[in-house]
Amino acid sequence: TTATSAADARQFAHYLRNNFLGGSSSSRPLGDAVENGIDFDIETGAGQPWDELARALSRYSSYERKVYLSAAPTCMFPDANLDAEIGTGLFDYIWVVFMNYPACDYEGIASVDNLLASWNQWTWSAPGGQFFSGVPAAQEAAASGYIPRDVLKSEVLPVSKTSPKYGGVALCN
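Mapping the sequence shown onto the numbering used here, position 78 (from 1) lands on 78, and the numbers just tick up by one.
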């Protein structure tokens, strides 16, 4: 979907709440199932008011029921499509995608420094909760970015884990 104004974004948040996050719509697509959050995987559409959508969704959080927000930006910092949204500081989980972007994903042992520099820039510069390294689960899962297990364990994770915002690894298939 697209939103062209802050009012559109707020209306979309209302729709998401009523249909997926425990609202009162009679036509809930998942029946009685209640989701606990929304993931922003915005790959096109920079400049749309998704930051206002994040603000509107966060207003539905309460002491009794948290609405979690997550985002999946590319490893390029700042992400062209999610910069304003992540800048709100409202995201609980950020899954930084380290694949299909040779400038900042793994392309052999010489590129570990580029990947870690991008990781550090994300975790130190972007507001948010926990950060996860999104990497391909297998070599066939992405055009670039697959990290052999021994390199992930010996070169990447020891540095990534030093961040107070470290949340873990997200495997993408």
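It cannot be assumed that every hint is accurate.
[Stated by the list, open to error] Capping the alpha-carbon separation at 20 Å, the derived lysine to aspartate or glutamate pairs in DMTMM-like fashion look like this: (1) Lys161 with Asp150; (2) Lys153 with Asp113; (3) Lys165 with Glu43; (4) Lys165 with Asp92; (5) Lys66 with Asp83.
[What the hints assert, rightly or not] Restraint ranges, calculated between C-beta atoms of paired labels, are given here: (6) Ala7 with Arg65: 37 to 43 Å; (7) Ser24 with Ser144: 30 to 36 Å; (8) Pro164 with Ser25: 18 to 24 Å.
Because the hints were derived from the structure by calculation, they are not lab data.
We treat Cβ as the ideally placed atom computed from N, Cα and C, and that holds for glycine.
We went through each hint and held it up to the structure:
1. With a C-alpha separation of about 16 Å, the suggested pair Lys161 and Asp150 falls inside the 20 Å cut-off, and the hint holds.
2. For the given pair, Lys153 sits about 15 Å from Asp113 by alpha-carbon distance, which is consistent with the 20 Å threshold.
3. Taken as a hint, the Lys165 and Glu43 pair is broken in the structure, with Cα atoms around 24 Å apart against an allowance of 20 Å.
4. Under the criterion of a C-alpha separation no larger than 20 Å, the hint pairing Lys165 with Asp92 is consistent with the structure, at around 10 Å.
5. The straight-line distance between the Cα atoms of Lys66 and Asp83 is roughly 23 Å, outside the 20 Å bound, and the hint therefore fails.
6. Restraint check, Ala7 to Arg65: a C-beta distance of roughly 25 Å breaks the suggested window 37 to 43 Å.
7. At about 46 Å, the CB distance of Ser24 to Ser144 disagrees with the hint of 30 to 36 Å.
8. Pro164 and Ser25 have their C-beta atoms about 39 Å apart, which leaves the hinted 18 to 24 Å range violated.
Hint check: violations occur at hints 3, 5, 6, 7, 8; the rest are consistent with the structure.
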